[in-house]
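Asker: Here this note's numbering is used: the first residue of the sequence shown is 4, the next is one more, and so on.
Any given hint could turn out to be false.
Said to hold, decoys possible - What follows is a list of derived Cβ distance ranges for each label pair:
no., residue 1, residue 2, range
1, Arg23, Pro107, 31 to 41 angstroms
2, Leu141, Gly12, 28 to 38 angstroms
3, Thr79, Leu141, 20 to 30 angstroms
4, Pro107, Ala137, 18 to 28 angstroms
5, Arg101, Leu65, 16 to 26 angstroms
6, Ala113, Arg85, 10 to 20 angstroms
7, Pro107, Ala127, 14 to 24 angstroms
8, Leu16, Trp115, 15 to 25 angstroms
These are calculated hints, taken from the structure and not from any lab test. Beta carbons: idealized from backbone N, C-alpha and C, even for Gly.
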Amino acid sequence: DWLIPSQPGLNALISEDGSRSNQRALRVEYDGVAKGLATEQFLLLKPGRYRFAARQRVESGLPEARLEWVLSCYETYRVPLRAKPLRQGGESSWQTLRAEFEVPAQGCSAQWLRLMARSGPRRANTTVWFDDIAITSLN
4 DWLIPSQPGL
14 NALISEDGSR
24 SNQRALRVEY
34 DGVAKGLATE
44 QFLLLKPGRY
54 RFAARQRVES
64 GLPEARLEWV
74 LSCYETYRVP
84 LRAKPLRQGG
94 ESSWQTLRAE
104 FEVPAQGCSA
114 QWLRLMARSG
124 PRRANTTVWF
134 DDIAITSLN
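Using the sequences plus the hints, can you model the full thing?
Answerer: Here it is as structure tokens:
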């Protein structure tokens with residue numbers, strides 16, 4: 004299950020996606036100034052190679068500038084994965100973000116998958132949707 008904290012300037016929620024009927028997705032609204040955690044999920048991945056994938060749709064702004072998916076090891080804070088949302092120009096259609104990573108054999112028996120926001124020097128309102136977030140083994 005996704006844990007979704009609440010904080011000023013950074014809001015995430017599972018909501019109806021207006022571009023597809025009867026579909027729900029993760030909607031993130033970000034003011035570009037707040038920093039921290041948008042959402043997270045605790046994982047128990049075994050050591051090995053994996054592919055992270057998520058469908059995304061930008062409603063407004065530039066999420067690649069300040070948002071980032073991060074997978075970190077629970078015990079050591081090692082970061083096997085950093086994946087920024089894709090840059091989208093023009094029409095806002097669904098695209099697939101993919102990144103490969105490796106869970107190390109030592110010091111990473113549990114992990115956090117987090118969507119993090121970095122602050123910027125000025126407001127830059129962004130709204131982005133994520134759906135079909137998945138991690139699959141490549142072993």
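Asker: All the hints need checking, so say for each whether the structure fits it.
Answerer: Results of checking the hints against the structure:
no.: 1; hint: Arg23 to Pro107: 31 to 41 angstroms; result: holds, 38 angstroms
no.: 2; hint: Leu141 to Gly12: 28 to 38 angstroms; result: holds, 36 angstroms
no.: 3; hint: Thr79 to Leu141: 20 to 30 angstroms; result: holds, 22 angstroms
no.: 4; hint: Pro107 to Ala137: 18 to 28 angstroms; result: holds, 21 angstroms
no.: 5; hint: Arg101 to Leu65: 16 to 26 angstroms; result: holds, 20 angstroms
no.: 6; hint: Ala113 to Arg85: 10 to 20 angstroms; result: holds, 18 angstroms
no.: 7; hint: Pro107 to Ala127: 14 to 24 angstroms; result: violated, 35 angstroms
no.: 8; hint: Leu16 to Trp115: 15 to 25 angstroms; result: holds, 20 angstroms
When each numbered hint is compared with the structure, a violation occurs for hint 7 only.
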